[in-house]
Amino acid sequence: MEDKNYDEEKAKEKLEEEDLAQEEDLAQEEDLAKEEDYDEEAQPEYESMISLDEVERDTRVLTHAEAGECLHNLGKCITLYEYAYLNLDASDRGLTDISMIASFKHVRYVNVSGNRLTSEALCALETIPYLQTLRADRNCLTSVELKPMPYLQELTLNWNKLTDTSGIRHKSLERLELNHNDIRTVNVDPQILVNLKILELRGNALISTAGICCPNLTRLFLAENQIEKIENLEVLVNLTTLHLRSNKLANLDGFTEQCRSLNYVNLRDNELPRISELKKLDCLPNLETLIVLGNPSLSEEKEEKEYRRIILTMLPKLKRIDKDLVLDQERNEAKVLLKKIQKSKSKFEDSDLRD
1 MEDKNYDEEK
11 AKEKLEEEDL
21 AQEEDLAQEE
31 DLAKEEDYDE
41 EAQPEYESMI
51 SLDEVERDTR
61 VLTHAEAGEC
71 LHNLGKCITL
81 YEYAYLNLDA
91 SDRGLTDISM
101 IASFKHVRYV
111 NVSGNRLTSE
121 ALCALETIPY
131 LQTLRADRNC
141 LTSVELKPMP
151 YLQELTLNWN
161 KLTDTSGIRH
171 KSLERLELNH
181 NDIRTVNVDP
191 QILVNLKILE
201 LRGNALISTA
211 GICCPNLTRL
221 FLAENQIEKI
231 ENLEVLVNLT
241 TLHLRSNKLA
251 NLDGFTEQCR
261 SLNYVNLRDN
271 ELPRISELKK
281 LDCLPNLETL
291 IVLGNPSLSE
301 EKEEKEYRRI
311 ILTMLPKLKR
321 IDKDLVLDQE
331 RNEAKVLLKK
341 IQKSKSKFED
351 SDLRD
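Using UniProt numbering, read the sequence shown as starting at 1 and increasing by one per residue.
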């Protein structure tokens, strides 16, 4: 009887694990769909909204009473058998001084986005011992440097005035968002950011992928930069998603077989002159989704059916091209085309839609 109960419990655990894995896959698909929808939408211009001169002229201090009104989500404290408010949302209040927040030692989530905070003002939060999530988008930050925060897992500093990434030393960090700043180079320590899984640097001034060297990274978003060169991808052995939309890539040198986990690549609105350049992606054994619309060699809608077929001759394992799933009919047509190419002893370059 005990063996039977044990087997039933094990079977139940296995089903729960499978359900959890399926939920995680669906969540990732939803996130990618949101990313593509995000690309379609015009984004507001926040960066010129606040100047440092305005911050210096008009101070706005968060009071204890006002901070208390920002608290929510009552929960159990980590170190005591007591309850306290775990979340504090002081966003969009025009604040220049948030030092009062540090007195709430048990908060784990803090949102101070949409204020007028400088990097010095943000340092007031360094002493919160168990902080796990910090959102400080749309401020006047010029540096990401904070003292190491041992429990910090998520940090978002979008729409600020950052120019580099040096000074991030939070060992538990899993997600880092630095979108829409003026970052020109990436400088992170992979020995410190060992847990970093998601990095967002869209809308900056990067010209290369060099410096992104965190081996446990799974998702990398680099849309809307000036990237001309792909470098150091061989280090990112766990990367599954690479988003490079709206850059200046004219070739795909830099992809290697070390990127064995990569299954989603977005190259939309780059400068690829020939469709045959995509042949360089055949070193990616698990690539399933490829977004390429908006490149010079693929810009005509009437050519979509043709270029999808040509892409499938080079990358037959693809399950999705642009927003549409690959159909069985397309696979069969690609096989026929491949046989013709092989029979004529021509090269994929000869199949380009235009020269």
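In case anyone wonders, no lab produced these hints; they're calculated from the structure. A portion of the hints provided could be inaccurate.
Unchecked claim - List of simulated lysine-lysine pairs, DSBU-like, C-alpha gap at most 35 angstroms:
id: 1; residue 1: Lys339; residue 2: Lys280
id: 2; residue 1: Lys197; residue 2: Lys229
id: 3; residue 1: Lys317; residue 2: Lys279
id: 4; residue 1: Lys279; residue 2: Lys343
id: 5; residue 1: Lys161; residue 2: Lys323
id: 6; residue 1: Lys197; residue 2: Lys280
id: 7; residue 1: Lys248; residue 2: Lys229
id: 8; residue 1: Lys105; residue 2: Lys248
Here's how the hints hold up against the structure:
Only pairs whose Cα atoms come within 35 angstroms are accepted, and Lys339 paired with Lys280 is accepted, the gap being roughly 20 angstroms. Distance restraint check for Lys197 and Lys229: the Cα-Cα separation of roughly 22 angstroms lies within the 35 angstroms cut-off, and the hinted pair is therefore satisfied. Under the criterion of a C-alpha separation no larger than 35 angstroms, the hint pairing Lys317 with Lys279 is consistent with the structure, at around 12 angstroms. A hinted pair counts as satisfied when its Cα atoms are at most 35 angstroms apart, and Lys279 with Lys343 qualifies at roughly 19 angstroms.
A C-alpha spacing of about 34 angstroms is found between Lys161 and Lys323, which places the hinted pair at or below 35 angstroms, so the restraint holds. A distance of roughly 26 angstroms separates the Cα atoms of Lys197 and Lys280; the hinted pair therefore holds under the 35 angstroms criterion. Among the hinted pairs, Lys248 with Lys229 is consistent with the structure: their alpha-carbon atoms are about 8 angstroms apart, no more than 35 angstroms. Proposed proximity of Lys105 and Lys248 is contradicted: the alpha carbons are some 46 angstroms apart, above 35 angstroms.
When held up to the earlier numbered hints, the structure conflicts with hint 8 and nothing else.
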